[in-house]
Amino acid sequence: MATRTDPKKDVVIIGLGWTGAIMGMELANEGLEILALERGDDRSTVPDFQYPNIFDELKYAVRYDLMQKPVNSTLTVRHNTAETALPYRHLGSFLPGDGVGGAGVHWNGQNWRPQAVEYRLRSYVEETFGADIIPENMQLQDWGVTAEELEPHMTKFESVAGIAGKAGNINGEIQEGGNPFEAPRSAEYPMPPLKNTWDSELFAEAARKMGYHPFPRPAANASIQYTNDYGMQLGPCNYCGYCERFGCNNYSKSSPQVCILDALKRKPNFSYMTRSEVLKIEKAADGKTATGVTYFDEKTGEEVFQPADLVLVCAYSLHNVHLLLLSEIGEPYNPDTGEGVVGRNYSYQMTGGTSLWFRDKVFNPFVGTGAGGMSIDDFSMSQIDFGKEGFIGGSYITAGHTGGRPIQQMALPPGTPAWGAGWKEAVGEWYGHSLSIGSHGSNMAYRDTCLDLDPTYKDRHGRPLMRMTFDWKDNDIRMTQFMKARIEEIAETLNPDAMASGYKGDGAQYDVRPYQSTHNVGGAIMGTDPKTSAINRYLQSWDCHNVWVMGASAFPQNIQYNPTGAVGGLAYWALEALRKDYLPNPRPLM
Amino acid sequence: MRDMPGRPSRRGFLKGSAAGVAIASLAGAVKAQAPEKEAPPPLDQYERVYFNEAEWAFVMAACDRLIPSGGNGPGAIDCRVPVFIDRQLAGNFGKAATWYMQGPFDPAANPTLGFQSPLTPAEIYRQAIPVFQDWCSQTHGDRFENLEAAKQDAALTSLQKGEVGLAPELRDFFQFLLANTKEGYFADPSYGGNHDMQAWVYVGFPGARGAFTSWPGRENARYPLGPVAINGDRA
Ligand SMILES: Cc1cc2nc3c(=O)[nH]c(=O)nc-3n(C[C@H](O)[C@H](O)[C@H](O)COP(=O)(O)OP(=O)(O)OC[C@H]3O[C@@H](n4cnc5c(N)ncnc54)[C@H](O)[C@@H]3O)c2cc1C
Ligand code: SF4
Numbered sequence: 001m002a003t004r005t006d007p008k009k010d011v012v013i014i015g016l017g018w019t020g021a022i023m024g025m026e027l028a029n030e031g032l033e034i035l036a037l038e039r040g041d042d043r044s045t046v047p048d049f050q051y052p053n054i055f056d057e058l059k060y061a062v063r064y065d066l067m068q069k070p071v072n073s074t075l076t077v078r079h080n081t082a083e084t085a086l087p088y089r090h091l092g093s094f095l096p097g098d099g100v101g102g103a104g105v106h107w108n109g110q111n112w113r114p115q116a117v118e119y120r121l122r123s124y125v126e127e128t129f130g131a132d133i134i135p136e137n138m139q140l141q142d143w144g145v146t147a148e149e150l151e152p153h154m155t156k157f158e159s160v161a162g163i164a165g166k167a168g169n170i171n172g173e174i175q176e177g178g179n180p181f182e183a184p185r186s187a188e189y190p191m192p193p194l195k196n197t198w199d200s201e202l203f204a205e206a207a208r209k210m211g212y213h214p215f216p217r218p219a220a221n222a223s224i225q226y227t228n229d230y231g232m233q234l235g236p237c238n239y240c241g242y243c244e245r246f247g248c249n250n251y252s253k254s255s256p257q258v259c260i261l262d263a264l265k266r267k268p269n270f271s272y273m274t275r276s277e278v279l280k281i282e283k284a285a286d287g288k289t290a291t292g293v294t295y296f297d298e299k300t301g302e303e304v305f306q307p308a309d310l311v312l313v314c315a316y317s318l319h320n321v322h323l324l325l326l327s328e329i330g331e332p333y334n335p336d337t338g339e340g341v342v343g344r345n346y347s348y349q350m351t352g353g354t355s356l357w358f359r360d361k362v363f364n365p366f367v368g369t370g371a372g373g374m375s376i377d378d379f380s381m382s383q384i385d386f387g388k389e390g391f392i393g394g395s396y397i398t399a400g401h402t403g404g405r406p407i408q409q410m411a412l413p414p415g416t417p418a419w420g421a422g423w424k425e426a427v428g429e430w431y432g433h434s435l436s437i438g439s440h441g442s443n444m445a446y447r448d449t450c451l452d453l454d455p456t457y458k459d460r461h462g463r464p465l466m467r468m469t470f471d472w473k474d475n476d477i478r479m480t481q482f483m484k485a486r487i488e489e490i491a492e493t494l495n496p497d498a499m500a501s502g503y504k505g506d507g508a509q510y511d512v513r514p515y516q517s518t519h520n521v522g523g524a525i526m527g528t529d530p531k532t533s534a535i536n537r538y539l540q541s542w543d544c545h546n547v548w549v550m551g552a553s554a555f556p557q558n559i560q561y562n563p564t565g566a567v568g569g570l571a572y573w574a575l576e577a578l579r580k581d582y583l584p585n586p587r588p589l590m
Numbered sequence: 001m002r003d004m005p006g007r008p009s010r011r012g013f014l015k016g017s018a019a020g021v022a023i024a025s026l027a028g029a030v031k032a033q034a035p036e037k038e039a040p041p042p043l044d045q046y047e048r049v050y051f052n053e054a055e056w057a058f059v060m061a062a063c064d065r066l067i068p069s070g071g072n073g074p075g076a077i078d079c080r081v082p083v084f085i086d087r088q089l090a091g092n093f094g095k096a097a098t099w100y101m102q103g104p105f106d107p108a109a110n111p112t113l114g115f116q117s118p119l120t121p122a123e124i125y126r127q128a129i130p131v132f133q134d135w136c137s138q139t140h141g142d143r144f145e146n147l148e149a150a151k152q153d154a155a156l157t158s159l160q161k162g163e164v165g166l167a168p169e170l171r172d173f174f175q176f177l178l179a180n181t182k183e184g185y186f187a188d189p190s191y192g193g194n195h196d197m198q199a200w201v202y203v204g205f206p207g208a209r210g211a212f213t214s215w216p217g218r219e220n221a222r223y224p225l226g227p228v229a230i231n232g233d234r235a
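As they're listed, the protein sequences go chains W and U. By the count of full-length UniProt numbering, the first sequence reaches residue 590 at its end, each step adding exactly one. By the count of full-length UniProt numbering, the second sequence reaches residue 235 at its end, each step adding exactly one.
Think of the hints as simulated: they come from the structure by calculation, not from any bench. A virtual CB, placed ideally from N, CA and C, is assigned to each residue, including glycine. Warning: the hint list may mix true and false statements.
[To be verified] Under 8 Å between C-beta atoms, here's a sample of chain U residues computed to sit facing chain W:
#1 Ala-54
#2 Trp-56
#3 Arg-65
#4 Ala-90
#5 Phe-93
#6 Leu-113
[Said to hold, decoys possible] Stretch-level coverage of chain U by chain W, calculated; a stretch enters the list once three of its residues show a Cβ under 8 Å from a Cβ in chain W:
#7 38 to 51
#8 124 to 134
#9 198 to 212
#10 217 to 223
Chain W with its partners taken away, still in its complex shape:
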């Protein structure tokens, strides 16, 4: 029970990462009274990411200083519904954010838009290949929104974040040097591409020779000086090599702090509280609306009821689902019956890679950015004959050094011992002599890949942890094996002295230990049918019309790209509906 009730706000925002900051900014501009609640600490470039203290691989990359602390918040994991789930006791596979800026502080900034076919994947597959190629238990769904509808909102996010890249398709016209397979965009990227590292040039040359279409990876790392829509300034990137897992010391990596928060904090109708973890969204007696949220105020040790007219769930995909489950908003999904919506269609990201070692090439891998590099989309969702290849999915294929941190980014040739004289010899011989070509691919959702409440384990507030049921499936393993073959063909043309591939193979089990990606999607998916989606096509809860849920929890299955471009675009898409349609007349929009 709450021990304190605070004065009512128009809007309460749960979580102050990318989506929370975007919603706060735009609704503050509408003149609404807004309070954002963030469970972690406040964070700013100075002092939290300042030079040289942030260049500390052990503290930030290995010991996860900026990330979620499992002691405060975690979940349990199992491979299938027959297994007993066990807690994710320390981080590995994915690294959710904690604190102002969320994971938008320590992300890489590889900023993509999904392909047009990805928004209507079920329809596309049925129309093009026939419904019978869809494997049993794969719960393929359309998003309920199209690339054309989202285009202006994707553009808006790219303009706010300041993305560096080269357009491949402007209003249907293919552009030289860009990605010819992308959905039409209305404008060039806000910034030109970053400079290429040599490894990515070698990859691009090899790919070009094979008839593929290399283009610069779209990057939320500034290539030039830039001022965004909110008057926020970004400075050109230093190629410092401490991007992923670190905050940027240089105001170059797009983050909520650099792109939005300093402007937002000046608004008199916006306020935020840190160390304030929302425990529950409270519902009105009729269950059709939310009355506000209850949160734990760590500074006073109190539980506080914060009344609000509009509740925006911006807590990162996994926490969004957990909060909906704990608040009993929407029917929980049941994998046995396939009924219910909250927790349905969790999916992840299928990645793999091939590393190449060259005795006579020196790469200086510490010269790198989180997102720079070259990619090809020739084996993307829209380019693969699913019927012929026997899987549904696709990947972008990419190269580019993101850093050369010696603890975590030391790539050694196959056969190198893990320790001893041979290991020591190898680190001296091979550090800085490798390049890696990665496949970043889609992952489909299945009847049993889902999220629900764990029956055993509790968090520090005594609430049940969320339980993740997930494993790799044949379809997706076939996809990654297909990419392995394509990548190895490219790699071999580079004539490396040694080469090693790492891709999921037959029978691969999901392993929570090695980092794979913080691209956890689904669980509160969007759609046009309340029986198979938790939120409608505007990201509004079907059950409580004043609860809106942002983030990659909305994706019905995973795209072949990193999620944040779509997450940002969807936030601006939801804002348009909120502003034009909902605020003048609050009600279910569908």
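Keeping the supplied structure of chain W fixed, place chain U with the ligands upon it in accordance with the hints.
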């Protein structure tokens, strides 16, 4: 061996308790321009914050096999890696301060579900070392630190393979030991290891420099500057 500017010569490295002396003289030679820095105490006089005497003897010996001295590049002892591990175990890492440590526990669970021991890393070192020492005595006839190098390597290999009879809640011991040793080798020297940034010099990593605007795209050009540590030290 590649020639690297500033790379310390292998003659500078000695094993065990003599390492402090060797390092002090090396530091003097390499850093002719740098202001005088007080040499840290030799490892046998280092004031431990976590390990007891017996544990220290083991960790010193084990680190020395995991990243041996001799050959190219510094060894774990030259880099004072045991100091790093001692401090890490006394700190948040050793205490699992940020980890979820509520039961029930199933330490024998499928390893793909991750760490499931009820014990903290510091407790795992403390409980696993005596078990391994007993195994070494029974199998190889003496405590680990007294075995000759080849037998030490064989014993560590058995430990790595899970063949020394550790209980499930201790099964991550070798992984921690190896990971912590490499961390101590390559982390910023402020954590007690990577002494004088020798490991960074050896592989050619520039540490906390982080400003490379004119460097992307250069082909086969070796970055010329040696490393900088977070406290401003240069090697
Ligand atoms: C290492 C790493 C690399 C990544 N690289 C990329 C990349 O290159 N490209 C890409 O597209 N994506 C990348 N991502 C993913 C990207 O960071 C996320 O997609 C994005 O940040 C999600 O935005 P969000 O607003 O949904 O959530 P977040 O930015 O995570 O913000 C959620 C906030 O809510 C807070 N919160 C959670 N629960 C509560 C609660 N109950 N009460 C109050 N506050 C709460 C959290 O503390 C957090 O601050 C990466 C992520 C990581 C970790
Ligand atoms: S690589 Fe660039 S964007 Fe990334 S942290 Fe360094 S300076 Fe910032």
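(request) Enumerate the violated hints, using their earlier numbering and listing them in ascending order. (result) Failing hints, ascending: 1, 2, 4, 7 and 8.
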